[in-house]
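Trainee: Protein chains in written order, with this note's numbering: chain D, 1 to 359; chain H, 1001 to 1359; chain B, 2001 to 2328; chain V, 3001 to 3328.
Hints listed in this document are in silico derivations from the structure and should not be mistaken for laboratory results. Ideal Cβ positions, reconstructed from N, Cα and C, are used throughout, including at glycine. Keep in mind that the hints are not guaranteed to be accurate.
[Said to hold, decoys possible] Coverage of chain H stretches by chain V, computed from C-beta distances (three or more under 8 Å per stretch; other residues unrestricted): (1) 1113 to 1121; (2) 1131 to 1142.
[Said to hold, decoys possible] Reference listing, derived: stretches of chain D covered by chain H, where coverage requires no fewer than 3 residues with Cβ under 8 Å from a Cβ of chain H: (3) 163 to 172; (4) 198 to 210; (5) 216 to 230.
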Amino acid sequence: MTSACSSTLDFAGSPINQALTPERKIELYSQMVRIRQFESTSLKYYQGGKMGGFLHLYIGQEAVAVGTISLGGADDHFITAYRDHGHALAVGMGMNECMAEMYGKQTGCSKGKGGSMHFFAPDKNFWGGHGIVGGQTPLGLGLAYGLKYLGREGCCLCYLGDGAINQGAFHESLNIASLFGIPVVYVIENNGYSMGTSQERSSAYNGCLAQRAEAYAIEWDVIDGSNLYEVRAKTHIAMERARKEHKPTVLEIDTYRYYGHSVADSKHKGGYRTPEEIENYKQNHDPIAVFKRLLMAEGVLTDALADQIKAAAKTEAAAAAKFADESPTPTIADISTDVYWESDHQTPASKIGHHFFND
Amino acid sequence: MTSACSSTLDFAGSPINQALTPERKIELYSQMVRIRQFESTSLKYYQGGKMGGFLHLYIGQEAVAVGTISLGGADDHFITAYRDHGHALAVGMGMNECMAEMYGKQTGCSKGKGGSMHFFAPDKNFWGGHGIVGGQTPLGLGLAYGLKYLGREGCCLCYLGDGAINQGAFHESLNIASLFGIPVVYVIENNGYSMGTSQERSSAYNGCLAQRAEAYAIEWDVIDGSNLYEVRAKTHIAMERARKEHKPTVLEIDTYRYYGHSVADSKHKGGYRTPEEIENYKQNHDPIAVFKRLLMAEGVLTDALADQIKAAAKTEAAAAAKFADESPTPTIADISTDVYWESDHQTPASKIGHHFFND
Amino acid sequence: MSRILTYREALREGLDEELARDPNVVIMGEEVAQYNGAYKVTEGLWNKWGDKRIVDTPISEAGFIGMGIGASMLGIRPVMELMFWSFHSVAFDQLVSNAACVRYMSGGLCNCPIVVRGPANGGTGVGATHSHIPEGLFAAFPGLKVCAPATPADAKGLIKAAIRDNDPVYVMENTLLYGNTGEVPDPADGDFVIPLGLADLKREGADVSLIAHGRSVIHALAAAETLQAEHGINCEVLDLRSIRPLDVDAILKTVKKTNRVVLVDESKPFGGVSAMVAMLIQEHAFDDLDAPIKRVCSIDAPAIYSPHIEHEQLPNPRRIVDKVLTFA
Amino acid sequence: MSRILTYREALREGLDEELARDPNVVIMGEEVAQYNGAYKVTEGLWNKWGDKRIVDTPISEAGFIGMGIGASMLGIRPVMELMFWSFHSVAFDQLVSNAACVRYMSGGLCNCPIVVRGPANGGTGVGATHSHIPEGLFAAFPGLKVCAPATPADAKGLIKAAIRDNDPVYVMENTLLYGNTGEVPDPADGDFVIPLGLADLKREGADVSLIAHGRSVIHALAAAETLQAEHGINCEVLDLRSIRPLDVDAILKTVKKTNRVVLVDESKPFGGVSAMVAMLIQEHAFDDLDAPIKRVCSIDAPAIYSPHIEHEQLPNPRRIVDKVLTFA
Ligand SMILES: Cc1ncc(C[n+]2csc(CCOP(=O)(O)OP(=O)(O)O)c2C)c(N)n1
Ligand SMILES: Cc1ncc(C[n+]2csc(CCOP(=O)(O)OP(=O)(O)O)c2C)c(N)n1
Ligand SMILES: [Mg+2]
Ligand SMILES: [Mg+2]
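Work out the full structure: start from the sequences and follow the hints.
Mentor: If you want it as structure tokens, here you go:
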């Protein structure tokens, strides 16, 4: 969905995009393709009974994670909700540990303890993967607070859905972010729906969702999420505002999910969304197709290379599924680790008193 | 404090004030005086050790409760925070049951179970008295929802402080109020401080606090709380919008408290507020003095009558203190009533299984 | 005459009957109306009852549960769905400060006839934050009532009792039971309500008492069969059904009969419902116990995701059998 | 050498020492800086340490506690004041889903070295919503640690241990103890830290064990004196100090010595810390008990306001004496 607020400037020409080498552009394109292939493969094996719980696919939204995260430097951090596979791969997590996590294996990024909604890679500045709607928004504030406290010139990108904006904790976070001058950028990934509820049925607002930021004297912008260049150009401004001026921003990135809320959502096609609406997005706003057209026009990408990238991603995802399948499952003993740092590290503190109460 | 947003129209001439008879004007004046005398008396006996817990005085803010509540009809309801004595008297509660409540006596409005922060009179459409900051805001939404559900043409006035606007539950309530078309009027009693924190140190905002309503496409207004006519004129518009159109409003009423946050607050004078600031308000914005001047100019009130009203209020408050003092204290058995409706009414349901677990 | 219904259908039938009975009953929650409910408990109700009675809310649990509580003070009887009971964490103030205390703080002037319902269990591969087990947590607050049905009939009977009750009642359902089937009396045979506070002896036995609630009852029954068949141990299974009010008499009765107790409770072992039941038994039936009361709870860690292992963290028939055998 | 300090001063000294020791320790909360704290625990710290280390927050508990948790993952060590622990209700998700679960759900990749502290008690005439007693509630969540000091020395030693601990620690103080005085070791004599998980035998005795924590310890000690003087009953008083980790060995040791137990616990009786302690005792010291474990808890209702009666709802020396005498 493109928003009325969003314009059609030449984002490819903005300095931050001009600075991209052809190699880097291909890399960004590849990342989007890898996310999509990873997820298609996940879907296949989810349906094959290899995973538990929910599977929230990111397909259709790839330019948001890839575009925004591509702007991250050493001191920029990321945190998101449960629809986290795209962000995880975009920060550089491997398909193996991600797939293995969904398979609930010891080799998973969270040792099979978190599952699809809870991917983490602090070494890559990625702090999850959070299942409680809106719950990540004060945490993202805290990461950004920490950066400022430590005197690092960085920011935190904190993602949330269009439905999540109605959680109180988000508003508390916005007030504090503005009041304290916290370098956090809230990215509303507006895919138009929270489960089966359209944006109109869940939120009251003026103009657009991001405009709620005005209530807290916070800058905001709306972005067409099908265009990776636009995502980068506008997000860069917000990130610089955070890093240099310690000022927060709320960005609303209009996007779309092709699949249901989770795989269990059978009503997403023909129920609360028309097949035409879905088809229109796929045909006219698909972020991978849009970027492909741009890169082909630039002479950076060819059909052959695109096919090769896709095939490689598919192979990589299949290999990840194999890796996950062959990995060992957690043991009963594993249930009891990672509860307390002190216990895991067998510190003196961990040896005083009972920490666990199993009969 | 008068806000920049607030203008100086002739509110006395607005129809809702024109409709006031001289008797009714005297009654409103008397109500403000009664609140102030009630509270002065409370302070005296609080300091005399007659009460427990906190005492949050309303003195300085009287025109807010009296002005807004004077507009209430049979189907209009009220709910507020812990600074609730003014609202309680304004809805028509007696000084006796209010004073006795603070004394922790059986004859208190809440049988001595709630205390100063928890006055209730559902028979007068007054639903408390709530101690958790912001906690009353979804409840007020619910009262208004209930009115609409039951098909009654009424609204709920829900009061909160300038510090309370930063509780998430309030924002959730605003979104729902706008989305569902709920006849609730949120009244921010902006006395400039939340405990020792000034408005500027607790809230980020554009223009004024009430303007946060725009984020939810809700109407808002700012009111000079020292002028009872203005309070009535502007609140009436909001209440009519709620009753007739089922639309919420956020009102910010600028006001001031003469005393500390609670009686325990020793820093309110010379700490976080200058003595000059306090003195200025008392001299130039005291709601009782302002209304007195207006009524004297109108020829409705004389100095003699004003003195008489004050003396009567003082006597009434002293009698209430005597009543409270002489009332019986709750017994140990009283601790265990009013927990469950079913138990209090000895229904069949209350006799099945253990409801209480005292050893 | 009774019919075979799923637990989900039984709940729905209970809701539907109460919607018909009392025009002030209103169902609200995320996706309960147009989407038919995340777990389809409310399927068809919006079609039948329309926008006024079946209300979709934004993802604002504090907001809409607080709204329901406020409305209940005026006489509305909201039945609010938490998509997962785990989301209690974002509406905790409403659940324990407003609902539990408003009657008391007003000296009995305010009533709060609400129901909050939804699934409250682990075992569905959704990780720690979605798998809290809050029966014991809420039962600890005087002013609240809590029940946890294990069968379709109990689900229907208890949801109806909850809706009619004039106090706040929190109904803890279980996603893993929604599809289970069982006999439910025919509405034609009369109004079917199971009072809160009444335990149900789901299996008679002489040797050991298994006391459980919710899905643990099903596990206890399975374990009892194994113990009978393979070890000749005859277990009695008491289903608490209601946690508060609690049928202390039924608990003491089975203890006096068997003199040996295993409590089965999906809660984490620090506290939970079972620590309280143990406290009551040792206090009131001290001399009837031949051995310490034992428990099968969840293994003491946040809920693990891995579908390969999560059922080992929870009580299950094998763990119950093993625990009973330690009496030998 | 030790000095006489108030409980409040002891806490403040502990905070001050840790602020000096580790530049990543930051104190935040409502009114903690410029106002010197609602209960003056942080008095003078803002003057000394300034805006960066002592941070006033808006009345947004979910927001600022979540912020502290996020910052802690990056290595900051926030010590967050809840003006009342009762306000946990508006930050419950942060307290039990983020802090308790983030380490687990990340397979050990995230650490959460936070402290949340503040008064957690009834008895101050502020009514039900401000008088929740949440020790047992939070101890029930694996991943969390909870302590409740009863004396100035314990307050200092435990707050310092809490700040150095790499896991989330919730320190439950008590407004009615802030002014109490007691000996606290001199900093010149070395770093004074009391490890979490270590109970303290506050009084030796032979006849009955009184097991308590927080202010109930003070009541237990007073009751013990009366019982000795007036009834010749010699009570042992064990102060748990830390609820999780819990010193189960010390509990069992005193039970084995006296064979009679009264648990004193300000919690409401359904659950609480004491139901868990009773469960552990009957499980691990079944044969050492000469009588059922008894409890003195708060009377089972929301907290009453009336200053004339509220101390009757709470454990107090008289109620403890009466309970001990029922053993006769
Ligand atoms: C507090 C809370 N309430 C409800 C849910 C259940 N839930 C999970 S995702 C979701 C919809 C969120 O929609 P949105 O924020 O738009 O994100 P999207 O799924 O579109 O990415 C809901 C209701 C939850 N996880 N947490
Ligand atoms: C959730 C919560 N946090 C903190 C408090 C403590 N507290 C009580 S009143 C108050 C200040 C509120 O200020 P404001 O909303 O401006 O109202 P005012 O006192 O000025 O009427 C605070 C921090 C509380 N009662 N509840
Ligand atoms: Mg969405
Ligand atoms: Mg204020």
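Trainee: Decide, hint by hint, whether the structure agrees.
Mentor: Against the structure, the hints:
Note: the stretch 1113 to 1121 of chain H has 5 residues with beta-carbon separation from chain V under 8 Å; the three-residue rule is met and the coverage holds. Counting residues of the stretch 1131 to 1142 of chain H whose beta carbon lies closer than 8 Å to any beta carbon of chain V gives 5, which reaches the threshold of three, so the coverage claim holds. Counting residues of the stretch 163 to 172 of chain D whose C-beta sits closer than 8 Å to any C-beta of chain H gives 7, which meets the bar of three, so the coverage hint holds. With a threshold of 8 Å between beta carbons, the proposed coverage of the stretch 198 to 210 of chain D by chain H holds, since 6 of its residues qualify and at least three are required.
Counting residues of the stretch 216 to 230 of chain D whose CB lies closer than 8 Å to any CB of chain H gives 3, so the stated coverage by that chain holds, three being the minimum.
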